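*Asks:* Given next are the chains, with one letter for each unit.
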Amino acid sequence: MASTIAARPRSRTGDKHRLRPGSTRRRQHAAAYLFVLPFFAVFVAMLIVPLFYSGYLSFFQTRLVGGVSFVGFANYLHAFTDTAFLGGVARMALFLVIQVPVMLALALFCALALDSGWVRGSKVLRLLMFIPYAVPGVVATLMWGYLYGNDFGPIAQTLRAIGLGAPDLLSPENVLGSLMNIVTWEFAGYNMIIMYSALRSIPGELYEAAEIDGASQWRIAWSIKIPAIRPAILLTIIFSVIGTFQLFNEPSLLHNLAPNAISNSFTPNFYAYNLAFVDQNVNYAAAVAFILGIVIMIVSYVVQLSTQKREKNA
Amino acid sequence: MSAIPATRTRAERRTTPGVRIGRRRKGREERRSSLLTLLLWVCGLYFAFPLVWLVVASTKDNADLFTSFGLWFGKRFSLFDNLATVFSTQNGIYLHWALNTVLYAGVSAVGASLLATMAGYAFAKYDFPGGRALFSVTLGAIMIPLTALAIPTYLLFSSAGLTNTPSAIILPSLVSPFGVFLMRVYAADAIPDSLIEAARMDGAGEWRIFWQVGLRLLGPGVVTVFLFALVATWSNYFLPLIMLNSSGLYPLTVGLAQQQAASAAGGGAQALFSTVITGSVVSVVPLILCFLYLQRYWQTGLATGSTKG
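Protein sequences appear in the order of chains E and C. In terms of the working numbering, the numbers along the first sequence are unbroken and rise by one, the last being 314. In terms of the working numbering, the numbers along the second sequence are unbroken and rise by one, the last being 309.
To be clear, the hints were calculated from the coordinates, so they are not data collected in a lab. Remember, predicted model here, so these are calculated numbers, not experimental data. Backbone N, C-alpha and C define an ideal beta-carbon position, used for all residues, glycine too. One thing to keep in mind: the hints can contain errors.
Derived, one-sided and incomplete: chain C residues facing chain E with beta-carbon distance under 7 Å [what the hints assert, rightly or not]:
hint: 1; residue: Leu36
hint: 2; residue: Cys43
hint: 3; residue: Leu54
hint: 4; residue: Leu65
hint: 5; residue: Asp81
hint: 6; residue: Met118
hint: 7; residue: Ala122
hint: 8; residue: Met143
hint: 9; residue: Ile151
hint: 10; residue: Thr153
hint: 11; residue: Val175
hint: 12; residue: Tyr237
hint: 13; residue: Gln260
hint: 14; residue: Ile288
hint: 15; residue: Ala303
Not everything, but these chain E residues come out facing chain C in the computed CB check (under 10 Å) [unchecked claim]:
hint: 16; residue: Ala30
hint: 17; residue: Ala31
hint: 18; residue: Leu114
hint: 19; residue: Val124
hint: 20; residue: Met180
hint: 21; residue: Trp185
hint: 22; residue: Gly214
hint: 23; residue: Ser216
hint: 24; residue: Gln217
hint: 25; residue: Ile220
hint: 26; residue: Asn256
hint: 27; residue: Asn260
hint: 28; residue: Asn264
With the hints as extra help, turn the sequences into a complete structure.
*Replies:* So this is what it looks like as structure tokens:
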């Protein structure tokens, strides 16, 4: 304990404390542990234990004859040749490279525009864009499902009214795009608010000088504002990566409307759910969920690494 | 680089709220751009249009739903009839769902924000052995996909006899690693060390300092974590879907999804469409009101968290 303090001479408790008897410091440490204890008790019970249990389960198989047996990495090997699972991962990768950049670009554009003070009614707009975040994914999906629908969806109604044929937005070819639109609608405003909050925290002096020198707003946005909010942008990218690979609500609700377009392995997460709760194959589902977690960590890590490298080069 | 500006603006915000924004905006009033305004309002319409449709549709009966244009009202104004149907279908099960949602989301959000606030405060204001390691573990946990945990959690709860009880929803929702992160960042800025020192000099215990000095300064941060935990549990569909099997315990998300599936399967014969639509409207109103009512707090709270992500 003493070495921790000695190693960090500028510790927050300050120099005065080092001269005091150790009992004060020990009391403070005890208080700190008590403060974090409730969180970590729940954290271990609800996160760490299930995580390890999931890992444990993934090494077994349940057969009709012979019961549960240890199979090593067989479930994992099976996953890597399972076209249903790989198809879902590939679909989410496609989702990631199309939907996430579009959504974040839209969010960044809106955040910069609202921050620039050039837009009338910006306060109302800001809230308008954020409101979808308060709409549960289930409600958002069933709402968009009706909007897409041919029966009373306004999109089909409008197109029919002007004499065009209504496209089937829930057909197998179109459903991924329709899904991307739902997710963009749900989360663009949330990401916009995170970026906007970061923009508000940039001190004006940072770019007032550039303004006086006659730099254009585009240039200021590109060279000063965007670099200044890089941590916030990184945060939104990572959250979007995690969110994409975990998509469940939207495909599972659209599945009811368009069972032919949304297979039960449309997203890896939906697949894991169907494996565990429809096929009762818990062990394989655990392996699939585990691989999915590893994929998310790798992609998030790559994103972090690539932005750090860019920061160093800059 | 972001640390210094953020600390400064925080200090400014605390002493003179709104002044900075006013200063930045001064002399810019004429510099509105019509093009940018137009573009942004088009974006705004995109975000508003589905909800406008939903609200308009909730005023129609099933016949009008199919025969009138989606973005305008039908022949009859049936909102109140629809509301009556929503609350009376299946012996008023919707009210049960709504109360369940309030219970699950409310208890989870209070619990999660309390746990996250205490932990974040400790990480920010105490230098204790293992603190950094524990914080890193918490940060790493943000990346664990929650659904990867749902299946083993279900099995564990099932063997403990906890499935199909409210605890099955509330217990897993108490963990908010992102909340801890946000509170740590927020507490580091919002509570001056000198204030804690002064309280110690006056002989206050650590526990009392947290409750009487710390919490008071952490307001916006706590509201932010509370709201986001509230939304997370309120809109959670996956967890209650796997944990609960008696419909009397469902939250709104699972109940509405079930009704939607029934109306889709029945091809409209059951006339459930307007019930599902009106039920959806009712289910989103409370959260939207919460966000609008508390916007001053969560916008401040987010501003701090986002500068240091």
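*Asks:* Please go over all the hints and tell whether each is borne out by the structure.
*Replies:* Here is how each hint holds up against the structure:
At its closest, the beta carbon of leucine 36(C) sits 5 Å from a beta carbon of chain E; the interface hint therefore holds under the 7 Å criterion. Annotation: cysteine 43(C) was flagged as interfacial toward chain E, and the flag holds, the nearest CB pair being 6 Å apart, inside 7 Å. The beta carbon of leucine 54(C) comes within 5 Å of a beta carbon in chain E, closer than 7 Å, and the hint placing it at the interface holds. Residue-level restraint check for leucine 65(C) holds (minimum Cβ-Cβ distance to chain E is 5 Å; threshold 7 Å).
Annotation: aspartate 81(C) was flagged as interfacial toward chain E, and the flag is violated, the nearest CB pair being 18 Å apart, outside 7 Å. Interface restraint check: methionine 118(C) against chain E, minimum CB-CB distance 5 Å, threshold 7 Å, status holds. At its closest, the beta carbon of alanine 122(C) sits 4 Å from a beta carbon of chain E; the interface hint therefore holds under the 7 Å criterion. Checking methionine 143(C) against chain E by beta carbon gives a least distance of about 5 Å; that is within 7 Å, so the hint holds.
For isoleucine 151(C), the interface hint holds, since its Cβ comes within 7 Å of a Cβ in chain E; the closest pair sits about 5 Å apart. Given the 7 Å rule on beta carbons, the hint for threonine 153(C) holds: about 5 Å separates it from the nearest Cβ of chain E. Among the interface hints, the one on valine 175(C) holds; its C-beta lies about 5 Å from the nearest C-beta in chain E, closer than the 7 Å criterion. This hint holds: tyrosine 237(C) has a C-beta 5 Å from the nearest C-beta of chain E, less than the 7 Å allowed.
Taking 7 Å as the C-beta cut-off, the interface hint given for glutamine 260(C) holds, the closest approach to chain E being about 5 Å. Restraint check, isoleucine 288(C) versus chain E: the minimum CB separation of about 5 Å is within 7 Å; hint holds. The restraint placing alanine 303(C) at the interface with chain E holds, with a minimum CB-CB distance near 4 Å, inside the 7 Å limit. Nearest Cβ of chain C to the Cβ of alanine 30(E): about 8 Å, under the 10 Å cut. The hint holds.
For alanine 31(E), the suggested interface contact is upheld, since its CB lies about 3 Å from the closest CB of chain C, less than 10 Å. The criterion of a C-beta within 10 Å of any C-beta in chain C is met by leucine 114(E), whose closest approach is roughly 7 Å, and the hint holds. About 8 Å separates the beta-carbon of valine 124(E) from the nearest beta-carbon of chain C, less than 10 Å, and the hint is met. Against a cut-off of 10 Å between C-beta atoms, the interface hint on methionine 180(E) is violated, since the closest Cβ of chain C lies about 14 Å away.
Residue-level restraint check for tryptophan 185(E) holds (minimum Cβ-Cβ distance to chain C is 7 Å; threshold 10 Å). Interface hint at glycine 214(E): violated, since its Cβ lies 14 Å from the closest Cβ of chain C, which is beyond the 10 Å cut-off. The restraint placing serine 216(E) at the interface with chain C is violated, with a minimum CB-CB distance near 12 Å, outside the 10 Å limit. Among the interface hints, the one on glutamine 217(E) holds; its C-beta lies about 9 Å from the nearest C-beta in chain C, closer than the 10 Å criterion.
Look at isoleucine 220(E): its Cβ only gets to about 13 Å from chain C, farther than 10 Å, so that hint breaks. The restraint placing asparagine 256(E) at the interface with chain C holds, with a minimum CB-CB distance near 4 Å, inside the 10 Å limit. Because the closest C-beta pair between asparagine 260(E) and chain C is about 13 Å apart, greater than 10 Å, the hint is violated. The interface hint given for asparagine 264(E) is violated, since its Cβ lies 14 Å from the closest Cβ of chain C, which is over the 10 Å cut-off.
The structure shown violates the earlier hints numbered 5, 20, 22, 23, 25, 27, 28.
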